[in-house]
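K.L.:
Take a look at the letters that make up each chain.
Protein chains: 2
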Amino acid sequence: MSLNETLTEQKSVLLAALEQDDTGTLDEALPELRAADIGEILEDIAEEEEGLVRFQALMERLPIERRANVLGYLPGELQLAWAAEIADDALLLVLEEMSSDERADLFNLLDEDRREGLLRRMARQEREELKRLASYEEGTAGAIMTSDYVAIPSGMTVSQALMRVRQTAPDAETVYQLYIVDTEGRLVGTLSLRQLMVARPGARVDDLMIKDVISVAVDEEQEEVARLVARYDLLAIPVIDAEARLVGIVTHDDAMDVAESEATEDIHKGMSIGALEDGVSRVPLWSLYRKRVFWLVLLVFANLFSGAGIAYFEDTIAAQVALVFFLPLLIGSGGNAGAQAATLTVRGMATGDVGVKDWGKLLGRELLVAGSLGLTMALAVAPIGIMRGGETVAMVVAFSMVVIVLFGSLLGMCLPFILNRIGWDPATASAPLVTTLIDASGVLIYFSIATALLAGG
Amino acid sequence: MSLNETLTEQKSVLLAALEQDDTGTLDEALPELRAADIGEILEDIAEEEEGLVRFQALMERLPIERRANVLGYLPGELQLAWAAEIADDALLLVLEEMSSDERADLFNLLDEDRREGLLRRMARQEREELKRLASYEEGTAGAIMTSDYVAIPSGMTVSQALMRVRQTAPDAETVYQLYIVDTEGRLVGTLSLRQLMVARPGARVDDLMIKDVISVAVDEEQEEVARLVARYDLLAIPVIDAEARLVGIVTHDDAMDVAESEATEDIHKGMSIGALEDGVSRVPLWSLYRKRVFWLVLLVFANLFSGAGIAYFEDTIAAQVALVFFLPLLIGSGGNAGAQAATLTVRGMATGDVGVKDWGKLLGRELLVAGSLGLTMALAVAPIGIMRGGETVAMVVAFSMVVIVLFGSLLGMCLPFILNRIGWDPATASAPLVTTLIDASGVLIYFSIATALLAGG
Chain A
1 MSLNETLTEQ KSVLLAALEQ DDTGTLDEAL PELRAADIGE ILEDIAEEEE GLVRFQALME
61 RLPIERRANV LGYLPGELQL AWAAEIADDA LLLVLEEMSS DERADLFNLL DEDRREGLLR
121 RMARQEREEL KRLASYEEGT AGAIMTSDYV AIPSGMTVSQ ALMRVRQTAP DAETVYQLYI
181 VDTEGRLVGT LSLRQLMVAR PGARVDDLMI KDVISVAVDE EQEEVARLVA RYDLLAIPVI
241 DAEARLVGIV THDDAMDVAE SEATEDIHKG MSIGALEDGV SRVPLWSLYR KRVFWLVLLV
301 FANLFSGAGI AYFEDTIAAQ VALVFFLPLL IGSGGNAGAQ AATLTVRGMA TGDVGVKDWG
361 KLLGRELLVA GSLGLTMALA VAPIGIMRGG ETVAMVVAFS MVVIVLFGSL LGMCLPFILN
421 RIGWDPATAS APLVTTLIDA SGVLIYFSIA TALLAGG
Chain B
1 MSLNETLTEQ KSVLLAALEQ DDTGTLDEAL PELRAADIGE ILEDIAEEEE GLVRFQALME
61 RLPIERRANV LGYLPGELQL AWAAEIADDA LLLVLEEMSS DERADLFNLL DEDRREGLLR
121 RMARQEREEL KRLASYEEGT AGAIMTSDYV AIPSGMTVSQ ALMRVRQTAP DAETVYQLYI
181 VDTEGRLVGT LSLRQLMVAR PGARVDDLMI KDVISVAVDE EQEEVARLVA RYDLLAIPVI
241 DAEARLVGIV THDDAMDVAE SEATEDIHKG MSIGALEDGV SRVPLWSLYR KRVFWLVLLV
301 FANLFSGAGI AYFEDTIAAQ VALVFFLPLL IGSGGNAGAQ AATLTVRGMA TGDVGVKDWG
361 KLLGRELLVA GSLGLTMALA VAPIGIMRGG ETVAMVVAFS MVVIVLFGSL LGMCLPFILN
421 RIGWDPATAS APLVTTLIDA SGVLIYFSIA TALLAGG
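Chains A and B, in that order, are what the protein sequence lines are. Numbering (full-length UniProt numbering) for the first sequence: 1 to 457. Numbering (full-length UniProt numbering) for the second sequence: 1 to 457.
Okay, chain A solo, but in the shape it has when bound (with noise of 0.2 Å):
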């Protein structure tokens, strides 16, 4: 049985218990779902009519800390629904046993009032810390990090090093990397849990931790964060602040989360598609009429263009018609190819494997691999051009197949350096873009070529 059919199974048990009131089926079933899945069930029965009362009836027959697991995996849309209906004591209790950056966040997503009005009652510790995280930048190291991570102050000895593990082992979300810090809050070294195990128990820290410690900044990006997890494969990364205090950390798994829509994001910019705030079967309709439109109307513009060359060679065309028949190949070729060298460029860029002083390097290859792309096509080409309209016909076409191909991959490769060197995103150079680009510029360079060859023969 797939992971989606066990779902849509427990998801039945579930809300024909509810339905029943069958409390006792409920309080069984319930525990021995994990966070995630329970999670997927309630935004599933969420979606449906009335599914905002069924929702909110689950989530109360919850305990409390799996309540606060449960709501980290839910949009945010939907803890938001799930707050509105919670007095401000019970919220409290289930943001006090949510770990600190998914607290943060829930925070975030209230509206002012209501949030000054929770930080009124917490303790001045708590208030102090929930509002320094709620107030990093979304996208930076800031906004994914938490600050439940075992600091051990520098001076310490491995046996007062691991009592300190175990005190801070209910609260901490790794208790695997410890980062020692000295009297400033600095932090100076970092320490595995392993290597703690191990090692003599009158020892100090200090004698033992890796000093040279992989950090980022609080204001990094978070691909960045991720990028730096993922190349050195961390349990997790230490996030300082301007004075090298330690601030948090961000484990490993929010690293594979940011990747994971960092993906998503790329793919999607790849076919000029904003960015969704969920996937692709929730969103609402709007909202996916909105990230998709800008684009698509931009692009009609910019087709013009290969219209406004078509009317301007309407001559040569009007005098060989069967030149028409291979317009939609020779521009959809070097479209394909040149979208086919932009999105290699960009995803290059992406994970790190292209940088900007590649960029001559990559022109090289591009140049001889785009070259003997372009010569196969023209040779796959040729003899229906022949056949279609003769041997000059053949000609054109070949030709303009070599030199828009070229054309077309040389753009696509070259165009995400360009938008990066003037500060936008190199994932702006979409196919769709490159595409239309192309197709503009094909019609130019085949009617060109085809006026001049027939003019000539």
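Since the hints were made in silico from the structure, they are not lab data. Take the hints with a grain of salt, since some may be wrong.
Identical chains share a label here; the pair holds if one copy fits it or two copies do between them.
Claimed, not checked - Derived SDA-like pairs: lysine to any residue, alpha-carbon spacing no greater than 20 Å straight-line:
1) 131 x 367
2) 211 x 6
3) 357 x 49
4) 357 x 12
5) 211 x 37
6) 131 x 241
7) 11 x 358
8) 361 x 117
9) 211 x 50
10) 131 x 118
Remember, it's a predicted structure, so these values are computed and weren't measured experimentally.
Given the coordinates of chain A, work out where chain B should sit on it, guided by the hints.
P.N.:
Frame of chain A; chain B shown alone:
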């Protein structure tokens, strides 16, 4: 200073020291670098002219354990180049230090004679394990798992288990997640080191462990493994054979690597580019050509249908040449909208957001969104239609736009489901394929509408 700049600088230091045979500097600089960074620097050096000799010399300067680590970060081809220059004795020493999964990968690259020779010189247990790990099919859980995990026999007490962790710590890939096995080697539960550390020393692991373990079969696809690790925020996932015996684990960092390379593959497939064996800046030119040419040439022939369509409607075109003006625009817009729809569906399926059962729901949504998109684009293009060819042409163009965008979007949305149904990878519904199909259909739709409306007018 960016990561790339730092690496370039470190590379120059290493190369200069090597040039001057300055072993002091080398032995000082190398240990300070991280294995991932040394790997990248060495890869860079190996690519340069005569670089392989320098690459080998630098590898020689690394302590054996370091060398084993760095090897894991090098592409297979370079690992092979290195192994070819090394005697069996030296190779065995390094193999021993590698993690079991990387050892099996390198082993699989060697030719059979060499493999046999190496196996003969290994201890029996080592040999059996290596043969086993090397035997799993690429792309499965078995091929990416490691056998360096901590197994705790069922029945042990907490203090016995802690002792076992300390003993295994130097060799295990992770000691933070422990796996409890019965006398037959079957996985019966899991326990985190965190739980173990806070438990009463005399308690039995069987009373503490989680019995409902998330595990994967040894032949499970690696994408699914990565998806489960991400979904349940796991440090590692246990891998079991058909008899439920624990045979290995896949750690979070290996899962993250899989997720990243799968995302890259999906993005490339979205442009009809075959899977590359390395980054785009490093893969051999011939390979880059091969991975791109297949679909490009195939699409050349597919595009001929557009041409055939045009030929069929030659009379309509001759009567109203202004129609050609809008041809690139209409088929381009349909292609863009269709490619967007395909991308959204394919990525949704890859991340697990869209299941096969969501087909009907997505169809309804796409109908509404694509209809709105088509209307918007028709409104944008209608004024130009009036300008260039009068009201009738404007009507033809606007009406065609709605139909083509709607048809293209629905085709793009459905194609991944259809491909999936016939057992193909949904990602084959790439932008070039969708665009080409829509190009051909767009020509037919446009000129059919034109023929009908113009004949009537």
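K.L.:
All hints are to be evaluated individually against the structure, with a verdict given for each.
P.N.:
Going down the list of hints, with the structure as the test:
no.: 1; hint: 131 x 367; result: neither (54 Å within a copy, 44 Å between copies)
no.: 2; hint: 211 x 6; result: between (47 Å within a copy, 18 Å between copies)
no.: 3; hint: 357 x 49; result: between (55 Å within a copy, 18 Å between copies)
no.: 4; hint: 357 x 12; result: between (56 Å within a copy, 16 Å between copies)
no.: 5; hint: 211 x 37; result: between (40 Å within a copy, 17 Å between copies)
no.: 6; hint: 131 x 241; result: within (16 Å within a copy, 49 Å between copies)
no.: 7; hint: 11 x 358; result: between (52 Å within a copy, 16 Å between copies)
no.: 8; hint: 361 x 117; result: neither (59 Å within a copy, 41 Å between copies)
no.: 9; hint: 211 x 50; result: neither (56 Å within a copy, 36 Å between copies)
no.: 10; hint: 131 x 118; result: within (11 Å within a copy, 60 Å between copies)
Checked against the numbered hints given earlier, the structure breaks hints 1, 8 and 9 and satisfies all the rest.
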